[in-house]
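> The residues making up each chain are set out below.
2 protein chains.
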Amino acid sequence: MNEIVKTSAFIGAQPYSPDEFEAAIRAVGAERYHDKHPFHKMLHGGQLNKEQVRAWALNRYCYQEAVPRKDAAFMSRVHDRELRREWIHRIHDHDGLGEEGGGIERWLVLTDALGFSREYVTSRRGALPATKFAVEAYVRFVVEQPLVIAVASSLTELFAPAIHRERIAGMLANYDFVDDRVMAYFKRRLAQAPRDSEFALNYIKTNALTRAEQEGCIAAVRFKCDVLWAQLDALHYAYVTPGLVPPGAYRPGQATE
Amino acid sequence: MNEIVKTSAFIGAQPYSPDEFEAAIRAVGAERYHDKHPFHKMLHGGQLNKEQVRAWALNRYCYQEAVPRKDAAFMSRVHDRELRREWIHRIHDHDGLGEEGGGIERWLVLTDALGFSREYVTSRRGALPATKFAVEAYVRFVVEQPLVIAVASSLTELFAPAIHRERIAGMLANYDFVDDRVMAYFKRRLAQAPRDSEFALNYIKTNALTRAEQEGCIAAVRFKCDVLWAQLDALHYAYVTPGLVPPGAYRPGQATE
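Going down the list, the sequences are from chains S and Z. Mind the numbering: the first sequence is residues 2 to 258 in the working numbering, read in order. Mind the numbering: the second sequence is residues 2 to 258 in the working numbering, read in order.
Some hints here could point you the wrong way.
One copy or any two copies: either way a pair holds, since identical chains are not told apart in the list.
Calculated cross-link-like contacts (lysine to any residue; reagent style SDA-like; alpha-carbon spacing at most 20 Å) [said to hold, decoys possible]:
hint: 1; residue 1: K206; residue 2: V6
hint: 2; residue 1: K206; residue 2: L84
hint: 3; residue 1: K133; residue 2: R78
hint: 4; residue 1: K206; residue 2: R119
hint: 5; residue 1: K133; residue 2: D81
hint: 6; residue 1: K133; residue 2: A250
hint: 7; residue 1: K188; residue 2: L98
hint: 8; residue 1: K7; residue 2: A25
hint: 9; residue 1: K133; residue 2: V79
hint: 10; residue 1: K133; residue 2: H80
hint: 11; residue 1: K37; residue 2: D177
For the record, the hints were derived by calculation from the structure and aren't laboratory data. For clarity, every value in this text was computed on a predicted model and none was experimentally measured.
Kindly generate the complete structure, drawing on both the sequences and the hints.
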């Protein structure tokens, strides 16, 4: 992968102060986090029908499932044991550990409630190809980019609690097939995401010291917003407007056993 | 990376029975596990001087440090959550979890006792380049090979308890700078390695079903033996015969602060 920003463009440029750097990271969310996507507005506002919610949950599983692989891919490059020891809890959060089932299990409770078999969901065979391409691009990104930029790509979590709160309220109010139990994934993330984003924000403030590195981190958050946005574009195209489902992907009403 | 064995050479070949397959895996150890290397015979027999033991511990740190990255790299490719949940304990064994310091910490107790600073050891700057190339080849191997072959490459652990028992006894008997505390790493591995190798052996018996896959697994154990053997060749060459230390690597007696 090419440099995410052209380092040579920032030779001699003054680094941002920590506060300026954080503000620039947060500005990316204000500009392009996927809470602004029309599909999410429809989801949270109760304007999607059940089949469209099902398609969303089925596709979003691919993202959930990619995240612990992304975190493992990141760890595979880290020589600093303390950083690995800190980072591994992200895998536990998603995969669970021992008795704790983890976030993916909670996501499958949602897809259960929506009437999909676990075999169909976890096979990912009904997901949109564009979904899979987007999430695998994220896994590759943390393999290929400098570590500090890889860490920065997780920072969309800074923006997640607000969307999760909106989603929990909106989906509970608007969909009779949604209850507290199936919203458990998002409730848990309300507590997990701030811990993670605080660590990552401190990490990049400490480790991205040149302007070029800082710009790389900001671009990483943009990249990650693109990964999230592209998934909603694909859902919107396939299941809302124009509603053209690509060959092989889940079709509303299709038997999926 | 090329296919580790030429699949086309085994078209139509009868698969091994599970017992034959296991016997073929074990035969690799009998043929080329690094307990047969002259450097190990010297180490365990008390024929190395302290500087040579130090060089061994310093270099072997690189292998210890690569293993959890190798396991994370493997996990980054695994879509099966149950397999990730099983595999992650290998990272815990090496990196520790919470209060438990883990195997790398126990290795650093050994290098402490041998008088190296942790900064020098963990920087890996005194290690032989050949050591680093060998261990990173192992990390790449599990990224590039089919999963079942990647799992098989861990199976040198089948042969590890015997060498660890020999090493504990031989080093305690022969070196006055070695005591129970610094041998803690190997004592712990006596319990950990059999659990891991049993899982991996069952996994490959269940998942390598064609003769070509089975031959790939056997070749993976050979490859892994090569990774271990090459490290001892490099140590033997640099620190025993002819004793030519490459530029930049640790030189006996060198100040390392």
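> Next step is simple, just say for each hint if it's right about the structure.
For each hint, the structure was consulted:
For the homomeric pair K206 and V6, the shortest alpha-carbon distance inside one copy (18 Å) is at most 20 Å, but the shortest distance between copies (47 Å) is not. For the identical chains of this complex, K206 and L84 are intra-copy neighbours only, at 15 Å inside a copy versus 35 Å across copies, given an alpha-carbon limit of 20 Å. In this homomeric assembly, K133 and R78 come within 20 Å of each other (Cα to Cα) only across copies, at 14 Å, whereas the closest approach inside a single copy is 23 Å. With identical chains, the CA atoms of K206 and R119 are never at most 20 Å apart, being 41 Å at best within one copy and 26 Å at best between copies.
Within a single copy, K133 and D81 get their C-alpha atoms only as close as 31 Å, which misses the 20 Å cut-off; across copies the closest is 16 Å, which meets it. In this homomeric assembly, K133 and A250 come within 20 Å of each other (Cα to Cα) only inside a single copy, at 11 Å, whereas the closest approach across copies is 45 Å. Within a single copy, K188 and L98 get their C-alpha atoms as close as 19 Å, which meets the 20 Å cut-off; across copies the closest is 25 Å, which misses it. For the homomeric pair K7 and A25, the shortest alpha-carbon distance inside one copy (18 Å) is at most 20 Å, but the shortest distance between copies (52 Å) is not.
With identical chains, the CA atoms of K133 and V79 are at most 20 Å apart between copies only, with a shortest distance of 15 Å across copies and 26 Å within one. In this assembly of identical chains, the alpha carbons of K133 and H80 lie at most 20 Å apart only when taken from different copies (12 Å versus 29 Å within one copy). For a Cα distance limit of 20 Å, the shortest separation of K37 from D177 qualifies neither inside one copy, at 24 Å, nor across copies, at 68 Å.
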